[in-house]
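Engineer: Letter by letter, the chains look like this.
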Amino acid sequence: MKTLFSIALGILAAIGGYVDIGDLVFNTTAGATFGYQLLWAIVLGVGGIIVYAEMCGRVAAVSNRAVFDVVRERLGFAVGLVTLVGAELVSLLTLAAEVGGIALALELLFGHSYQLFIAVAVLGLALVLWAMPFEWIERVFGYGGLCLLVLVPAVFKLHPDWGEVAKGFAPHLETGNVPLYLYYVVGLVGAGMTPYEVYFYSSGGVEEEWTPKDLTTNRLNAIVGYCLGGILSFALLICAGALFLPRGISPELLGSVALVVQSPLGPIGLILMLVGIAFAVSGAAIDTAFSGAYNIAQFFGWEWGKYRHNAGAPRFTIAWIVMLVLAFAIVITGVNPIQVTEFAVIFSVVALPATYLPILLVANDRAYMGQYRNQRLSNLLGIFYLGVIVLVALAAIPLMIITNMGTQ
Amino acid sequence: MSRIDLALGILDHQLIDSQGRRCGKVDDLELDGLDVKAIVSGRSGWAGRGRLGRLTAWLARGPRAVLVPWDEVRAVDDAVRLRKTAGELRLGRGDDRARQLVERIPGSGL
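These protein sequence lines are chains B and W, in that order.
Numbering-wise (the working numbering), the first sequence opens with residue 1 and increments by one.
Numbering-wise (the working numbering), the second sequence opens with residue 1 and increments by one.
It is worth saying that the hints were derived from the structure and are not from the lab.
Any given hint could be a false lead.
[Claimed, not checked] Pairwise CB distance ranges (calculated):
| id | chain 1 | residue 1 | chain 2 | residue 2 | range |
| --- | --- | --- | --- | --- | --- |
| 1 | W | ASP78 | B | LEU127 | 50 to 60 Å |
| 2 | B | ALA170 | W | TRP58 | 48 to 58 Å |
| 3 | B | PHE134 | W | ALA60 | 23 to 33 Å |
Note that beta-carbon positions come from the ideal geometry of N, C-alpha and C, so glycine has one too.
So that you can see chain B by itself, here it is in the shape it has in the complex:
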């Protein structure tokens, strides 16, 4: 009973923690531009993250290795180093975007200046990372993010054309230009499968000292948590499609993202949505700051992990502090956080293959995994998604250039 309870709590945290600034931006803009036509791309992304999160959680539970241990062992020093540099840049860019997102949400909630809230956000994050135990961090921000469930009643109140919604789950294109459509496919898949999620998820498994006994927890967390998290993405896209597309609004500000619930549900809906965004995006900021520290520590073999306490893993601690300082330096220049988000998502897509290939290899290795190695279904899905991310990675930058980051 106790385990069932803790599994349920973990799943709730996973739902609240699913959405980050990348999902908010791409789901809303995709809905506003193409209506419900791109719902299938969310399904594709959710499926991919389930397959690879389950796999790397299993590798962590069985072999005590997190993603960058595996990257280093399988790709060697030189290729591993290139992967590391890419992963660190993408994590930093994502962190900067999330920090900007927190500041925007706070600005909309409380007034005052955006610049002030950037400082508040970074200091608050540093304090939480310094002082809160690992399990708490996950839970507090995951539960706070559940406020985003306000999107679900908002969908029903907006009375979307359900026939059109249903059609969106099959890939098709009725209107609009093809490169832009494909750019959003890349963005939605990329936002769903962002690499920091697997860095953090696998390192978290080691932090919580998972063993093969925790494999059920791992599977349920990945499948149920991410599926239900995906519902938030559906809801966001449907709201944007129902509200913005007919009126020709293109949501270039985070405020317009929050508007999708204000119109159907009024001010209380708006406040819940903004609180949900603040929590969910803060949680993602923590994940990315930690991811940057996990990756470099695992690559060079330093002591790491919140479970070692701050002074017990000193270079790891310094690494996440540096991540926060650099992110602050990026956002405080006044760059548009929405644009930083698009850059972060598109470039993270390019880093995906080198992250996921070593996981797939190790998950199949008898010496690492013994009886827990991949079964046929995991391999079929793993190879399918590897193909998808290679395609998406190749297409990402050309599409970004052709569409001028989704504006043409």
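With chain B fixed as given, assemble chain W onto it according to the hints.
Structural biologist: Chain W alone, transformed into the frame defined by chain B:
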């Protein structure tokens, strides 16, 4: 010790000392014919790992490298486990130096 595939089974794996502390990676190996004489961990280990490794070793600061004689290896399982502490083997000195810095901040034991 049973036969281990050196390239996949040892190289780039985690070093863990007798007290369970992570203290570097197997960055390179010193071979004597077909026998492993020692594990190389740290900068000069990277230098043996291609052009990028040389560049990283050149850019990095700190001690050149540490040689861990193969006799100090207790077991090879999900990591390379050592018989002595990191301090005795002169491993993990980067973390030791960084610890002095982190310990100056209040709440470093949290």
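Engineer: Look at each hint and say if it fits the structure.
Structural biologist: Outcome of the hint check:
no.	hint	result
1	W:ASP78 x B:LEU127: 50 to 60 Å	34 Å, violated
2	B:ALA170 x W:TRP58: 48 to 58 Å	55 Å, holds
3	B:PHE134 x W:ALA60: 23 to 33 Å	30 Å, holds
Checked against the numbered hints above, the structure violates only hint 1.
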